[in-house]
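Residue numbers (this note's numbering), protein chains in the order written: chain H, 1405 to 1697; chain D, 4 to 334; chain B, 77 to 377.
Rather than coming from a laboratory, the hints here were simulated on the basis of the structure.
Some clues are possibly wrong.
Only pairs whose alpha carbons sit at most 25 Å apart, straight line, appear in this in silico DSS-like list of lysine-lysine [as the list claims (entries may be wrong)]:
1) Lys-1592/H - Lys-371/B
2) Lys-184/B - Lys-1592/H
3) Lys-147/B - Lys-184/B
4) Lys-15/D - Lys-1573/H
Letter by letter, the chains look like this.
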Amino acid sequence: MNGAFERVGIRPLPPEPAAKPQRRRGAPVLSAVLLSAIAAGCLACGLFAAKDPSYMDLEHCAVPPGNAFWFGTDTMGRDIFSMIWHGGRLSLFIGVTAAAVSTVLGVVFGAVSGCAPGWLDAALMRLTEIWLSVPSLLLTVLLQAALGRASPLSLALVIGASDWTAIAKVVRTEVRQLRNSEYILAAKSMGGGFFYLLRRHLAPNFIPSILFMVVMNVRTAIAAESTLSFMGLGLPLETVTWGSMLSLSEKALLSGAWWIILIPGGFLTVTLLCVTSLGDYLRKSASRRERNL
Amino acid sequence: MSIWNMALGWGKRLLTLLLSVFLLVTAVFYVSRLAPGDPLVAYYGDRVERMTPDERAWAKDRLGLNDPITVQYVRWLGRALHGDFGISYQYKMDAAEVIASRAGNTLILGGAGFVLTFSLSLLLGVLCAWHEDGPLDRVLCKLGTAASCVPEFWLSLVFILVFSITLRWLPSSGAYSIGGGGLGDRLAHLALPVSVVVAGHLWYYAYMVRNRLLEEVRADYVLLAKSKGLTKGRVMFRHCLRNALPSYLSLMAISVPHILGGTYIVETVFSYPGLGTLSYESTRYQDYNLLMLLCLLSGTVVMVSGMAAQFINQRLDPRLSARDAAGVREP
Amino acid sequence: MPDEILLDVQRLTHRYPLTRTMSVKALDNLSFQIIRGEIYGLVGESGSGKSTAARCVMNLYRPQTGKILYKGIDTCYPKAFRANRRMLQASRQLVFQDSASSLNPRMKVCDIIAEPMRLQRITPPRGTLRAEAEFQLKYVGMDPGYLDKYPPELSGGQRQRVAIARALAMEPELLVADEPIASLDVSIQAQIVNLFKHLQAEHGFSFLFIAHDLAMVEFLCDRVGVMYRGRLVEEAPAAQLFARPLHPYTQALLSAIPIPDPRRERARRPLEFHGEELPPESVWIEASPRHFVLKDGRDER
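Using the sequences plus the hints, can you model the full thing?
See below:
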């Protein structure tokens, strides 16, 4: 056996210089820390936010922040401190689930469209354009109405379903570029099916370019949930989320109870900001890598 | 030949536009009717609760809601083609009239928002590109990212809290004070909603102008222009901005529905009587005819603005129009 | 040893549609056979349909008419293909021309080599997939240190070796190589051809070798078919074909081989072949034992 190897002649691999540890420039450390703090707080809310977030203490309605109620109470006498963490859990859940839904939809739709023959591809792309042309808020409201009673899961599905077109477009473009490359043909001739090709060959090529879109979709979804719940089109008042907490703000405006508006909104905005800066960082590093290649 | 080709291209596009709007309207019609809820509430208000089943059936029949959805759809389509969009259940008026009475307000709000966004983003974008990576650029970029993250409805609430309730400078709702009021009154009512609309969109476009300009600045012809001895200002405005403008204009054309649609939330928070509040009400109370007309309208606006963007791209970009003249067909 | 026919290509025709009414005939009534354990070379100028033939053989394209019998199975017939899919996919392997595009740039070498085994769910004979990949990599003459590299980090010859290792990992019975050396430097070409020769001797697989470099074909192949415009114009054992080419196109092709001797090279006069269209009434005749040539039917009369 060894003789055979000698005949073809193995040239040993020259030792390569030890890789320098790369310093990641402009990494959003502050955002990552803040976001993980908020997420950890929301996940572990039972430990420190002991008050029942849905208990209405009617004797203490709209109490300003103080020792008894750290963040005050809302107009229905609920403790805002507890609500922030318990509601945040739901808001984050909706954001992440919706982003996951939109990613799966976008990837499958884009990959199918990218692999499809020309006429089908054109039809599918026209469909996404029509989908895009419906104002997104109207779309979510309609879809929500079609699904029936709103629950966090159904809302996440609806928001995800209304926000997949951008990902689909990117995936389709990438797949169309790749689908005739020879390594796809090779894998096909070796017996790889559609989903195998998608997972092993196509996905690694488009994931860097859609990763930041996925993160941005988390942001969009959280914002959409809060907007919908605020307008009374999303989750009902009893289901505590950052959005539904803000739906009490009209009353709060009349009584000048700023904490009911500013505290949940502040948490919401800070979360959105952190997610955005993470997404921005991902986008920049993806485009940097492409330029270096 | 070239003109004939162009006409053919635009005809094709118009056809797909009509088809798209048709598909959109069809989908909305079916989905909205599948949704649970009682459209009679919109028409009869609280009286619905006291209605006997017979009365309900009669009322539904009168509004044509008893037929299968497809029958209703065909009837609606037939009337719509003749320009009759039915009555709004809530306002008991022709849906078109309801919309006509509100459209002006939205156009004022959206138009003002659009013009301000357009001019300010151009200004800020040029400013940032001019001071690339300088302190001003950095501060503006950070500020812009932050501002674009704030949900519009919350920004509206904060504005109301600060400017209407605490400072008492500006009114918090409506388009004008009860009993009319002059131009000043209208402007005062517009100030807050318009600033929210502008704040929500401005940074995205400003950032786009900045990046587009920086791309141009990196191009070789700028070096040439500099070596000819042109000043920085001249290069920036006469060369870079001019090249960046077509793509910016076409982006703005696509964004018309975005900015108009953005007023949807703002109008609701500020109780501003425009199309946004109207669509909110019509979805919420299942005012079918009104909803359909609004969808038709917004769909058309979206598609038309998309076409306008393409047109701008073709007309304004000298490279593309040169290609047109050479008879190169679009893919 | 009886000559068992492994691959039998019968009257293959394939067209590429250009527009609704026009099409290009890439293969025109192509027939050839490959015997178990032989190296069959397919040569011809670019555009003569060699790659199309290879892709039809690998079931990547469906020919419009004709049959491809592999071990007696008609692979162009969907039902027969589906019934024998695993066997067909495992025992026929393909090496592409351009190794830069036939290896996924985002996969590591060890994953690339193990890919067919993973796809066919074969338990690797050397324990893990990685050990198997390492063995195959050594087998084609590369240091195991390359297992964790990505294709863009390798040279062209190394990439082609990886592609060969991937094909050999399945212990194929038929290896189809579609111009495997065309994109390589001349010195590397010799290495790869030597490697092919050595591997074929060790494994004994049948080998369809497609090339336009005649010197390599003469060195490597047992039998050679010459293609022109989608048709086979001549087929003979390699030595015989190079010693006594019969068809004018083959003669022209052979006269184009440069001679590694400056004096004789200067005297070399390439022949030209202007048979733009082969006459349709050509007939396939056996000029001498196992030496076939396409003769213009009108000459015979």
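**OP:** Compare the structure with the hints numbered earlier in the document and write down the numbers of the violated ones, lowest to highest.
**Re:** 1 and 3
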